[in-house]
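Trainee: Chains H and F, in that order, give the protein sequences.
Numbering (our numbering) for the first sequence: 8 to 163.
Numbering (our numbering) for the second sequence: 153 to 366.
Incorrect hints may appear among the rest.
Which stretches of chain H does chain F cover? Using the computed rule of at least three CB atoms under 8 Å from a CB of chain F, they are [said to hold, decoys possible]:
hint	region
1	40-49
2	79-93
3	121-133
Hints listed in this document are in silico derivations from the structure and should not be mistaken for laboratory results.
Backbone N, C-alpha and C fix where the C-beta goes; we use that ideal spot for every residue, glycine too.
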Amino acid sequence: MITLNINKKTYNVEVDPEMPLLWVLRDVIGLVGTKYGCGVAQCGACMVHLDGEAVFSCVTKVKRAQGGKITTIEGLSEKNDHPLQKAWIELDVPQCGYCQSGQIMAAAVLLRENPNPSDEDIDAAMAGNLCRCGTYLRIRKAIHLAAEIQRKGSKK
Amino acid sequence: MKKRLETKAHYLFPIKTIVVIGVILSIIVLTTSAFKDNNIAADFAGYENVNADSAESVKAFLQVYKVLMSPRCMNCHPAGDQPLQGDDSRLHAGKVLRGKDGKGLYAAKCSNCHQPENTPGLHTPPGNPKWRLPPADMKMVFQGRTARQLALQIMDYNRNGHKNKKQLVEHARDTLVKAAWNMGEGRTPPPLDYDAFLKVWDTWIQKGGYAPKQ
C-alpha cells in the first residue's frame, strides 16, 4: 500500500512501488490531465510537481513520490484561475493541446522562481517541453502575459 | 602625585602584558583552527613528504586522465554550461543548463529526470541521488583540458572545489563519482574498472600529485 498526497487529497493505492507515477495518476487514480508522450523523459508531456519541482512522471517511480506533495494540472488552481491558465485561454495557446498540461506545469515553476522572466529565461525553463504543433511562440507570449497577471495580482 | 602615577604604571604594565600575550595567543589559536578547518597546509605537506615520486605519480595520472576524459566523467564537466550526453558527448537534449548551483534551472533541474537510481531501458536517464554539474562559481571543466592542465587544476585548491589531497582521495569514493561505473544501459563504462581507477588515483596523489609535462 502506498499513500500519496495528490492535489491536497490523500490516496491509498495498491501498486508496485517501481511503477511510474504517471501510470498511477492516469490508470489507477484517473487523473488523466497529465499525458503520456515518450515514456523516457524526453518530451515533458507527463510533467507534474513533486514538492514544487517539475518532475517527469513517466520516469519517476511512485515510491519516490511517497511522502511528498504531488500537484497535477487538475490541482494547479482551485478554479482554473492560475495566471498561466488565464493567459493560456486569453491567447488561445494550444493547438492539439496534448503537451499543454506539461507546458503549464513547467511554466508554473519558472514563474514561481522568476516572476519577471526574459525570453531567454523562458527558453531555458521550457526547453524540456516539446510541442509538435509548434506553439512555442504563443507559449512564450502567454508566459509573459501570465507574469504580468501575477504581478498585478500580487500588487492588489 | 608622582607616587600615584608610579603606582598606576605598576598596575598598567601587567595588564598591557596580559593583553599583548592574549592577542598573540588568539592569533595562534585562530590560525591553527583555520588550518584545521580546511587542512590545507597539514595534509598537502603530509602527502608530499611521504613517498613522493614524480615519475610514478605522472605515470598514474596518465591512467587517471583516460578515465576523467571518458564520456562518463567528462559529460558532466563540460566546457560550457550545457551538459553533454552519450558516448559521443553530444550536447544534452532539451538544452538543459548548469544553473547557479549546478543542479539545473527552473523546470529543467537535473533531478526532474535523473532519478535517485538508473531508469531501466535504453536511452533512459541514468540516476544518482546527487546528480548535478559543478556549480557556476567553480566549473571544474574537464572538456578540452590537456593532461597537464587537468592535473594542475585538480591539484589547485582554488579550482578543485576546495579539496586538499586527503579530500581528493576521499572524493574518488563519492557516490556520484562511482556512478560513472553504474552508467545504465547502452553506455560504455570508463576505460579502467573502478578498483583500478582508485588505485591509480590514490597513487597519483600519494606520490605527490605531479602533473605531466604536457
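Trainee: Give a verdict on every hint.
Mentor: Hints versus structure:
With 3 residues having a Cβ less than 8 Å from any Cβ of chain F, the region 40-49 of chain H passes the three-residue criterion, so the hint holds. Counting residues of the region 79-93 of chain H whose C-beta sits closer than 8 Å to any C-beta of chain F gives 0, which falls short of three, so the coverage hint is violated. Coverage of a stretch by a chain is defined here by at least three residues with a beta carbon nearer than 8 Å to that chain's beta carbons; for the region 121-133 of chain H and chain F the count is 6, and the condition holds.
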